[in-house]
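Residue numbers (our numbering), protein chains in the order written: chain B, 1 to 321; chain Z, 1001 to 1141.
No lab work stands behind these hints, which were simulated from the structure alone. Keep in mind that the hints are not guaranteed to be accurate.
What the hints assert, rightly or not - Calculated pairs, EDC-like style, for lysine to aspartate or glutamate (alpha carbon to alpha carbon, straight line, at most 20 Å): (1) B:K157 with Z:E1116; (2) B:K50 with Z:D1010; (3) B:K50 with Z:E1116; (4) B:K114 with B:E172; (5) B:K56 with Z:E1096; (6) B:K157 with Z:E1022; (7) B:K268 with Z:E1096; (8) B:K36 with Z:E1015; (9) B:K157 with Z:E1015; (10) B:K50 with Z:D1085.
To be verified - Only part of the chain Z face toward chain B is listed, based on derived beta-carbon distances under 7 Å: (11) G1021; (12) G1033; (13) G1034; (14) L1039; (15) A1043; (16) L1046; (17) E1074.
Stated by the list, open to error - Estimated spans, in silico, between C-beta atoms of each pair: (18) Z:G1033 with B:G72: 27 to 35 Å; (19) B:D261 with Z:E1103: 32 to 40 Å; (20) Z:G1006 with B:D161: 41 to 49 Å; (21) B:R88 with Z:R1008: 39 to 47 Å; (22) Z:G1006 with B:Q39: 36 to 44 Å; (23) Z:G1021 with B:S180: 28 to 36 Å; (24) Z:G1132 with B:S180: 44 to 52 Å; (25) B:A108 with Z:Q1025: 33 to 41 Å; (26) B:S165 with Z:A1037: 38 to 46 Å; (27) B:G133 with Z:I1027: 38 to 46 Å; (28) Z:E1103 with B:T52: 36 to 44 Å; (29) B:A18 with Z:G1132: 34 to 42 Å.
In this text, all values refer to a predicted model and were calculated from it rather than measured experimentally. Ideal Cβ positions, reconstructed from N, Cα and C, are used throughout, including at glycine.
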Amino acid sequence: MAGGQERILRGRIRSVQATKKITRAMELIAGSRIVKAQQRVAAAVPYSEKITDVVKHLSAGGAVGNSPFLAGRPDVKTTCYVAITADRGLCGGYNTGVLRATEGEIKADLAAGKNYIVVPVGRKAEGYLRFRGYNLGQGFAGFSDAPAHSNATEIGKYVVDLFLSGQVDKVELVYTRFVSAGNQEVVLRPLVPLERELVAAKTDDHGAADAGGDYEFEPDPESILNSLLPRYVEARIYAALLNAAASEHAFRQRAMKSATDNAEELIKNLSRTMNRARQDSITTEIMEIVGGAEALSSGEDAIVISSVFGMENPFVSSDRV
Amino acid sequence: MSEAPGFRIDVVSPERVVFSGETTQIITRTMGGGEIAFLPGHAAFLGAVTENHTRVWLSDGTIMNLAIHGGFVEVSNNVVTLLSDGAELGNEIDIERARRALERAEEQMRTEHTAEVEASLRRAHARLAAAGGLAGVNAGH
């Protein structure tokens, strides 16, 4: 009876140990992926810096007239939120953080009598938001681990289309910014129309000697700008995707580390309980034997007991035999 | 600035810096403007680049071939920045694959004549040219 409990505990310990092995493996994998994801974030920086420079130089050349990308609409009726989450769970509060921020923005918009549309990126966002009946646009998923630039291009084309066709008046990105391995934060960043500060650089650059209006353009500045700005938007989305991927791995590593620690704690406690149960059953057994021996020896049948055990019964003094 | 024998080129794609180094001459192709060469001391220039086979003369005299799949070129202060949606080094391109892609694109061209197909044909052409596998393929395009 007592042995039964011990066996149950042994089984539970084994199962927790198996789980611990899995969480440990996931922790190590996430840890190694953080490094790779960080390198990818860093590798994308030159392009986005250079493209920002080019936009600035163009605006310095007087090209930024009335590009629809730069013209903010005075009356913002519909906002498009691009919510970037993971495809998989088991990463702590990573997905909930982004989704909660998105929901908060949506509620604020609804309270102000405005419309919204959400573009879910990652399976978790789509599942969560669709289940709750939010107004969704096209979903993008399947690349949250290691996003490629072509993924950003797809998303970029879609949201730029939404914006230029007038379906939405503003596009904002909701994603988790990777600050450092120990620090990530959910941020809301305006995407389209492009920030004024980009164009405001016009005045700064006019002062600088190296830039200004003395650029040669081929083809004309407007056409360059028209093909440049979608690329700029894509570069911004790509940077956000890479940040999100790095954050996802960091979150997953932390979640799996605490899961491993919890499993260790659980194993320790279960082992203690199991050892106590085993000790108890041994003690009970001895007590039963002793009790039996006592009962028999008082009936002067001690010899039977020693022959049953196949050894000398230590509880029966030999001089009585 | 102008007495410097060479100048710097950075070829940057969204995912990585493809190439960065010293050069004496660069030939690329702008959108609608045809091929354009940059020599040291070139005036500040900003252009949209189409899919093309870009050649870069390195300081040691060798010519580096690149397939550029659209993007922008900026020249300022003796630094050429080639921002590309996709850039490949000629020696990294699989010629057989590029040739098949070109054939596929030409095949598609016969049935439908859209901007997308045309772009993929130009891309395939640029890749094959950069890989040095264009000999034997008709140059009628």
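How the hints compare with the structure:
{"no.": "1", "hint": "B:K157 with Z:E1116", "result": "14 Å, holds"}
{"no.": "2", "hint": "B:K50 with Z:D1010", "result": "10 Å, holds"}
{"no.": "3", "hint": "B:K50 with Z:E1116", "result": "27 Å, violated"}
{"no.": "4", "hint": "B:K114 with B:E172", "result": "15 Å, holds"}
{"no.": "5", "hint": "B:K56 with Z:E1096", "result": "41 Å, violated"}
{"no.": "6", "hint": "B:K157 with Z:E1022", "result": "35 Å, violated"}
{"no.": "7", "hint": "B:K268 with Z:E1096", "result": "60 Å, violated"}
{"no.": "8", "hint": "B:K36 with Z:E1015", "result": "13 Å, holds"}
{"no.": "9", "hint": "B:K157 with Z:E1015", "result": "18 Å, holds"}
{"no.": "10", "hint": "B:K50 with Z:D1085", "result": "13 Å, holds"}
{"no.": "11", "hint": "G1021", "result": "14 Å, violated"}
{"no.": "12", "hint": "G1033", "result": "4 Å, holds"}
{"no.": "13", "hint": "G1034", "result": "9 Å, violated"}
{"no.": "14", "hint": "L1039", "result": "14 Å, violated"}
{"no.": "15", "hint": "A1043", "result": "6 Å, holds"}
{"no.": "16", "hint": "L1046", "result": "5 Å, holds"}
{"no.": "17", "hint": "E1074", "result": "5 Å, holds"}
{"no.": "18", "hint": "Z:G1033 with B:G72: 27 to 35 Å", "result": "33 Å, holds"}
{"no.": "19", "hint": "B:D261 with Z:E1103: 32 to 40 Å", "result": "58 Å, violated"}
{"no.": "20", "hint": "Z:G1006 with B:D161: 41 to 49 Å", "result": "43 Å, holds"}
{"no.": "21", "hint": "B:R88 with Z:R1008: 39 to 47 Å", "result": "43 Å, holds"}
{"no.": "22", "hint": "Z:G1006 with B:Q39: 36 to 44 Å", "result": "30 Å, violated"}
{"no.": "23", "hint": "Z:G1021 with B:S180: 28 to 36 Å", "result": "32 Å, holds"}
{"no.": "24", "hint": "Z:G1132 with B:S180: 44 to 52 Å", "result": "45 Å, holds"}
{"no.": "25", "hint": "B:A108 with Z:Q1025: 33 to 41 Å", "result": "57 Å, violated"}
{"no.": "26", "hint": "B:S165 with Z:A1037: 38 to 46 Å", "result": "40 Å, holds"}
{"no.": "27", "hint": "B:G133 with Z:I1027: 38 to 46 Å", "result": "57 Å, violated"}
{"no.": "28", "hint": "Z:E1103 with B:T52: 36 to 44 Å", "result": "39 Å, holds"}
{"no.": "29", "hint": "B:A18 with Z:G1132: 34 to 42 Å", "result": "56 Å, violated"}
The structure fails to meet hints 3, 5, 6, 7, 11, 13, 14, 19, 22, 25, 27, 29 from the earlier list, while all remaining hints are met.
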